[in-house]
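Asks: As a plain string of letters, each chain reads:
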Amino acid sequence: DTEVTQTPKHLVMGMTNKKSLKCEQHMGHRAMYWYKQKAKKPPELMFVYSYEKLSINESVPSRFSPECPNSSLLNLHLHALQPEDSALYLCASSGTAGKKTGRQYFGPGTRLTVT
Amino acid sequence: GESVGLHLPTLSVQEGDNSIINCAYSNSASDYFIWYKQESGKGPQFIIDIRSNMDKRQGQRVTVLLNKTVKHLSLQIAATQPGDSAVYFCAENNWVTGGFKTIFGAGTRLFVKA
Chain A
1 DTEVTQTPKH LVMGMTNKKS LKCEQHMGHR AMYWYKQKAK KPPELMFVYS YEKLSINESV
61 PSRFSPECPN SSLLNLHLHA LQPEDSALYL CASSGTAGKK TGRQYFGPGT RLTVT
Chain B
1 GESVGLHLPT LSVQEGDNSI INCAYSNSAS DYFIWYKQES GKGPQFIIDI RSNMDKRQGQ
61 RVTVLLNKTV KHLSLQIAAT QPGDSAVYFC AENNWVTGGF KTIFGAGTRL FVKA
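Taken in sequence, the protein lines are chains A and B. To convert, note that position 110 of the first sequence is 110 in our numbering; the numbers rise steadily by one, no gaps. To convert, note that position 2 of the second sequence is 2 in our numbering; the numbers rise steadily by one, no gaps.
Calculated directly from the structure, the hints in this document are not laboratory data. Since the structure is predicted, the reported quantities are computational estimates derived from the model, not experimental observations. Do not rely on the hints blindly, as some may be mistaken.
What the hints assert, rightly or not - DEER-style ranges, computed between Cβ atoms:
| id | chain 1 | residue 1 | chain 2 | residue 2 | range |
| --- | --- | --- | --- | --- | --- |
| 1 | A | T115 | B | D31 | 40 to 46 Å |
| 2 | B | S74 | A | K53 | 35 to 41 Å |
| 3 | B | N18 | A | E58 | 33 to 39 Å |
| 4 | A | K53 | B | D55 | 34 to 40 Å |
Glycine residues also receive a C-beta, built at the ideal position from the N, C-alpha and C atoms.
Bound-form chain A, shown alone (with noise of 0.2 Å):
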């Protein structure tokens, strides 16, 4: 299985709600990333977990707070957004160092609104 999946698809989000995005991947990856790609622009990384353990924060604002329960899943957690903050946010995983050239497996995607 080679799947990235993540949920939700679509969210529309008010400035003051609080919501998460969620990842799980079942290939024995130890490391996830999150990404930011807006319209017609490249994905930015946001964070990477390795091990369960945050290990790269791109200087990303505090209303965005990442989580990894275990392994498999990796969250997103939103809470007071602003409307700049609608974008695409990609999951991917990826094995760790000496696992060739660190190809990622990316997931579709939530597209999410702030309104």
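Add chain B to chain A, keeping to what the hints say.
Replies: Structure of chain B alone, referenced to chain A:
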């Protein structure tokens, strides 16, 4: 032909022709380079990768060329098909403590005319 402007750079090719998509990268010390394909409504999908100690790698219908002197990467697609229409991103990949840090290029939209 290829155009660059306010929108994503676009390359239009005729079905059956070969396509060449170019990418300039920034970090001369990057370890790995990967090409991804992103279709509308989907996440990026791996196409081919190359280590920094190589200058060419071939896959099925695709070839990646790496020129470290000028920090340039290209993706060649042979006998382009309508199903190849998508946005193509090059990516620099470096292992840092705890994970791969990936920086994507701006992307090129490939449009295949039947």
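Asks: Indicate, hint by hint, whether the structure satisfies it.
Replies: Taking the hints in turn, this is what the structure says about them:
no.	hint	verdict
1	T115/A to D31/B: 40 to 46 Å	holds (42 Å)
2	S74/B to K53/A: 35 to 41 Å	holds (37 Å)
3	N18/B to E58/A: 33 to 39 Å	holds (37 Å)
4	K53/A to D55/B: 34 to 40 Å	holds (36 Å)
Consistency with the previously given hints is maintained throughout, with no hint failing.
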